[in-house]
Amino acid sequence: MMLALGPLSLGPLVIAAPWGLLGLLMVPAILAIHWFRRRSPPRSVTGLFLYPPPVPSAASGRRRERIVASTSLWLELLAALALTWWLADVHPAADQRGRHVGIVLDDRLRLTARLPAGDSAAARLRVRLGEMLAGLRPADRVTLIASGAVPRVLAGPAATPDQARTALARWVPQAPWHELDAGLALALQITAQSGATATDVLLASDRVAPDLPAGVACVAAGEPVAASGFADARWLRDEAGDRLVVRVVASGAPAPRRIEIRRRGHVVQTSAPTVGGTSIIELASGVGDTDEITATLVGEDPLPADDQVILRRPERRIVRIALALPPAIQPVVERALRGLPGLTLNGVSNDLLITGDEVTTPGTWLLRIAPAAGSDAVLGPFLIRRGHPLASDLDGTGLLWLGGLPQDRLPVDAEPLISAGTQVLLAERRRGRDRLVTLYADPMTGTLAQHPLWPALIANVVAARRAALPGLSEPNRSANQTTYLVLPPTATAVEVCPPDAGSEGSASTTTVFSADADGGVLLPPLGQAGAWQVKLAGAPWQTLQVNALDERLGDVAGAETREITVDTPAEVAVERRRSPAERLIPLVLAALAAALACWFWARGR
Amino acid sequence: MPAWDEAAVAGAATRVRLSVDARRRSGQGARLGRGSGASLEFQDHRAYEPGDDLRHLDWSVYARTDQLVLRRHRQEVSPRLEIFVDESASMAASPAKVALATAITALIATLAEADGVRPRLWLYAAEVRRIDSDWRAALRAVTVAGAAGLEAPVGELLPGAQRILISDGLCPGGGAAVVRRLGAGAGRVCLLQILTPEELTPLAVGAARLEDREGGHLDLVLDAAAVTAYRARLQRHQDEWRAALAGRGAGLVGLRADESLAEAVRRLIAAGVVEHRAGRA
Numbered sequence: 013m014m015l016a017l018g019p020l021s022l023g024p025l026v027i028a029a030p031w032g033l034l035g036l037l038m039v040p041a042i043l044a045i046h047w048f049r050r051r052s053p054p055r056s057v058t059g060l061f062l063y064p065p066p067v068p069s070a071a072s073g074r075r076r077e078r079i080v081a082s083t084s085l086w087l088e089l090l091a092a093l094a095l096t097w098w099l100a101d102v103h104p105a106a107d108q109r110g111r112h113v114g115i116v117l118d119d120r121l122r123l124t125a126r127l128p129a130g131d132s133a134a135a136r137l138r139v140r141l142g143e144m145l146a147g148l149r150p151a152d153r154v155t156l157i158a159s160g161a162v163p164r165v166l167a168g169p170a171a172t173p174d175q176a177r178t179a180l181a182r183w184v185p186q187a188p189w190h191e192l193d194a195g196l197a198l199a200l201q202i203t204a205q206s207g208a209t210a211t212d213v214l215l216a217s218d219r220v221a222p223d224l225p226a227g228v229a230c231v232a233a234g235e236p237v238a239a240s241g242f243a244d245a246r247w248l249r250d251e252a253g254d255r256l257v258v259r260v261v262a263s264g265a266p267a268p269r270r271i272e273i274r275r276r277g278h279v280v281q282t283s284a285p286t287v288g289g290t291s292i293i294e295l296a297s298g299v300g301d302t303d304e305i306t307a308t309l310v311g312e313d314p315l316p317a318d319d320q321v322i323l324r325r326p327e328r329r330i331v332r333i334a335l336a337l338p339p340a341i342q343p344v345v346e347r348a349l350r351g352l353p354g355l356t357l358n359g360v361s362n363d364l365l366i367t368g369d370e371v372t373t374p375g376t377w378l379l380r381i382a383p384a385a386g387s388d389a390v391l392g393p394f395l396i397r398r399g400h401p402l403a404s405d406l407d408g409t410g411l412l413w414l415g416g417l418p419q420d421r422l423p424v425d426a427e428p429l430i431s432a433g434t435q436v437l438l439a440e441r442r443r444g445r446d447r448l449v450t451l452y453a454d455p456m457t458g459t460l461a462q463h464p465l466w467p468a469l470i471a472n473v474v475a476a477r478r479a480a481l482p483g484l485s486e487p488n489r490s491a492n493q494t495t496y497l498v499l500p501p502t503a504t505a506v507e508v509c510p511p512d513a514g515s516e517g518s519a520s521t522t523t524v525f526s527a528d529a530d531g532g533v534l535l536p537p538l539g540q541a542g543a544w545q546v547k548l549a550g551a552p553w554q555t556l557q558v559n560a561l562d563e564r565l566g567d568v569a570g571a572e573t574r575e576i577t578v579d580t581p582a583e584v585a586v587e588r589r590r591s592p593a594e595r596l597i598p599l600v601l602a603a604l605a606a607a608l609a610c611w612f613w614a615r616g617r
Numbered sequence: 062m063p064a065w066d067e068a069a070v071a072g073a074a075t076r077v078r079l080s081v082d083a084r085r086r087s088g089q090g091a092r093l094g095r096g097s098g099a100s101l102e103f104q105d106h107r108a109y110e111p112g113d114d115l116r117h118l119d120w121s122v123y124a125r126t127d128q129l130v131l132r133r134h135r136q137e138v139s140p141r142l143e144i145f146v147d148e149s150a151s152m153a154a155s156p157a158k159v160a161l162a163t164a165i166t167a168l169i170a171t172l173a174e175a176d177g178v179r180p181r182l183w184l185y186a187a188e189v190r191r192i193d194s195d196w197r198a199a200l201r202a203v204t205v206a207g208a209a210g211l212e213a214p215v216g217e218l219l220p221g222a223q224r225i226l227i228s229d230g231l232c233p234g235g236g237a238a239v240v241r242r243l244g245a246g247a248g249r250v251c252l253l254q255i256l257t258p259e260e261l262t263p264l265a266v267g268a269a270r271l272e273d274r275e276g277g278h279l280d281l282v283l284d285a286a287a288v289t290a291y292r293a294r295l296q297r298h299q300d301e302w303r304a305a306l307a308g309r310g311a312g313l314v315g316l317r318a319d320e321s322l323a324e325a326v327r328r329l330i331a332a333g334v335v336e337h338r339a340g341r342a
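These protein sequences, in sequence, are chains U and L. If you count by the working numbering, then the first sequence holds residues 13 to 617, one letter each, in order. If you count by the working numbering, then the second sequence holds residues 62 to 342, one letter each, in order.
I should point out that these hints are in silico values taken from the structure, not numbers from a laboratory. None of the values given here were measured: they were computed from a predicted structure. Check the hints yourself; a few may be wrong.
Unchecked claim - Covered stretches of chain L, as calculated for chain U (at least 3 residues, CB under 8 Å):
#1 225 to 236
#2 271 to 283
As the list claims (entries may be wrong) - Computed, partial: chain U to chain L, Cβ under 10 Å:
#3 P53
#4 R55
#5 S56
#6 T58
#7 F61
#8 A81
#9 S82
#10 R615
Glycine included, every Cβ here is placed at the ideal spot set by N, Cα and C.
Construct all of the structure, not just a fragment, from the sequences and the given hints.
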């Protein structure tokens, strides 16, 4: 295994790659070749008798022969030394020390807000940071990070100031609302790896962050302006029909703005003007009978990024339920189901079967009502598994329960959800993605059928089954929200493609997520607005519309221009980057010397 | 040997002719010699000495002055020419060296024919061959190879002939022995020494094994000091040739292999080996 050697310091010089010194082995090799050549190369002449006889040498003892210092020899040695210089990267020690500055650029869209002077906070930051980078020495290093839920390294780690300036010139804020913590943490981590202190990290934003870590410098280049934009938008579908609910937040001076609803490019509805502050507006007319709606805030606004949302029509997730119960129990169950939305009752179930028998149908959940014989009535206290979807919001106060199962008779793979004393009242068993929920109770005796726990329990089962149906739980999400989706039973992984997948400079990349045991996938905040494609086995399956929605995103009124500086940090050891000239000069010198050496050698022959 | 440039040789032959020292010649010929002879062209008078041919007495002078005065006429000579061409391996040091040697040989032979003389060609390397017939064919057929033959014995030489040796003259024994052998009974003897630039000044290439084209080798550090020593030794070698050739005519005429035929002819004119034709100077 190759022994790793770090840079070697020799006073004012540093040898970046000590292994390159092996190139010096070329020197004795060249001398040996010349020494050998001086004895062997034949040369055809005439009049050999005219040449002087060689200088006589000692007949015994050490015999020392001189190597002729020909031009070719000197040039070959020069080529070898130049090549060694290139391999070992010998350079002044001053090139090995410098500052390592981590710059975190606030990548939130609000930095693109148009300021009274016609520019933006981002443009001012590009100028200000460009000046700062121009003041750095070539040996200094810069790590340029764009903030985000997942920060992006725009230059570096430990790029040269010129590289950072090039990346900075291309930077345009593009991220929805997010916290800056991840970007700052990354900058601190990267600079700390090179030995720099926290004082080498600089945050560039439109205002000084209130929770700025100690020792982190800040450049704020914003200016307060009044703005308004969407803070939230939802497409609701329920028994009352389709409607949009949007929330508009204005910061600074209120500006009257109207909302236009467009369907397939045509305006179908216009709202009354907003009055400033926070406005919640519900729009129902013209919604429906389409898959996509565009809501736009009309009116003068310095920040257009949050003035438009696109909403996709959510699917109605109907739970198909079949009942196979004794005639005495069925009405009680039907009464509990009657008030629940989003379900159908039929005899051939695909989603949920409520029965008294234990049957197994792949793809179907089973709610089995099976009172245990001979058990005692229980009044409580009831131990309810809080946090479990099936036991959510259940309260057994005042409930008389009959039919509970003694705990020792519970199947080993069953998980008790409600129990009282030694009796299990509700238990769940998993069979792949299917679940078998067993209610050990007799609804006709005791007070269960009349107790509020009964419809709540049935509603929980239906809601859990609905949540487990394949598809997106919500097709419209904010960029900083997670998304839960369930894959079809045959799928185990899903491919999530960003809106600009395949285009050059895409901020996001296509990612494959694997499903958990229930077939569910929890997508992290996607961070980029647009229509994300969800694919199964390479084929489009669902579309997830992501909008840059957050009331803080449009808050430009709090912007300011201020700088928080810290003491100039000490220099640290930085990784040296050879400039093109430093790369080329030794190589060109070596090549030139080698070519001239060949020419002189050929000429000599 | 490669073919020489016939056109260049023919062109040079129209401008020059061989120089002839009639004092060292004998026999009747088509050219007027520098000595007295039996031609119709009057040369001068001299006092009669016993034994002189009475047929040459100028009776008109005797009638006027009562003095016996001999009338002398220019001698008519027929020059004899022998050309010795070195075809040893050393002459192949460079193509230009071979080419110039061939061209000079052809030029001199052509000039001899123009003077009505059939040139006799001697080619020698390890052994010596005499060419009496078609010297052109013989010159084209030879190949440079073998050891130097300057010191090899030659056959019967023409008495009183002018002898021209075309060679690099790099014989370890020096030029004295060669000149003694070739100069016996000769009219004139000269050496046209053709050397390449590197034979004049070797390159300081450092350590090398020097392999002589005609045999032998030497391991030597060929540096500036060795080059200086070489040049001094070459100078001494050429001085030996010059000393041996002293009083025998043009002596040693140095020619550079990288020069043109025209430049070589100018050197031959300067050395007196050839001369401008009348009206061509």
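>> Hint compliance check: list the failing hint numbers for this structure, sorted ascending.
In response: As far as the earlier hints go, not one is violated by this structure.
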